[in-house]
Amino acid sequence: MERQVKKHKNRLIDSTQKPNLHTTHELITGGKKKARIVKIKSFEFIPMTPEEAVEQLELLDHSFYIF
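For the sequence shown, the UniProt record's numbering assigns the number 1 to the initial residue and increments by one for each residue that follows.
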């Protein structure tokens, strides 16, 4: 229950802040062909404490989390 409250609180805070979006591009190169973009991802970086980052890492079930 406590995690759900924190998650909801974080969502409220996140919705009031303008996101800092960072984009990564994955390139495929093969032989003499030109490189082409095959996937574009945007990531939202929001300031948080290490404790909040650990909680997000566990909630998302990822092997890493950037904060």
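Take the hints with a grain of salt, since some may be wrong.
Said to hold, decoys possible - Below 25 Å or equal to it, Euclidean Cα-Cα: the simulated DMTMM-like pairs (lysine to aspartate or glutamate) are:
1. Lys34 with Glu58
2. Lys34 with Glu2
3. Lys41 with Asp61
4. Lys7 with Glu55
5. Lys41 with Glu55
6. Lys34 with Asp61
7. Lys7 with Glu58
8. Lys39 with Glu2
9. Lys39 with Glu51
10. Lys9 with Glu58
11. Lys6 with Asp61
12. Lys41 with Glu2
13. Lys7 with Asp61
14. Lys7 with Glu52
15. Lys6 with Glu51
16. Lys6 with Glu44
17. Lys39 with Asp61
To be verified - Now the in silico label distances, taken between C-beta atoms and shown as ranges:
18. Leu59 with Lys34: 15 to 23 Å
19. Arg36 with Glu58: 32 to 40 Å
20. Arg36 with Lys7: 35 to 43 Å
No lab work stands behind these hints: they were computed from the structure.
All C-beta atoms, glycine included, are put in the ideal place defined by N, C-alpha and C.
Right, here's what the structure says about each hint:
no.	hint	in the structure
1	Lys34 with Glu58	violated, 40 Å
2	Lys34 with Glu2	violated, 51 Å
3	Lys41 with Asp61	holds, 19 Å
4	Lys7 with Glu55	holds, 9 Å
5	Lys41 with Glu55	holds, 23 Å
6	Lys34 with Asp61	violated, 36 Å
7	Lys7 with Glu58	holds, 12 Å
8	Lys39 with Glu2	violated, 36 Å
9	Lys39 with Glu51	violated, 31 Å
10	Lys9 with Glu58	holds, 17 Å
11	Lys6 with Asp61	holds, 17 Å
12	Lys41 with Glu2	violated, 31 Å
13	Lys7 with Asp61	holds, 15 Å
14	Lys7 with Glu52	holds, 9 Å
15	Lys6 with Glu51	holds, 11 Å
16	Lys6 with Glu44	holds, 18 Å
17	Lys39 with Asp61	holds, 22 Å
18	Leu59 with Lys34: 15 to 23 Å	violated, 40 Å
19	Arg36 with Glu58: 32 to 40 Å	holds, 36 Å
20	Arg36 with Lys7: 35 to 43 Å	holds, 38 Å
The structure is inconsistent with the numbered hints 1, 2, 6, 8, 9, 12, 18, although it conforms to all the rest.
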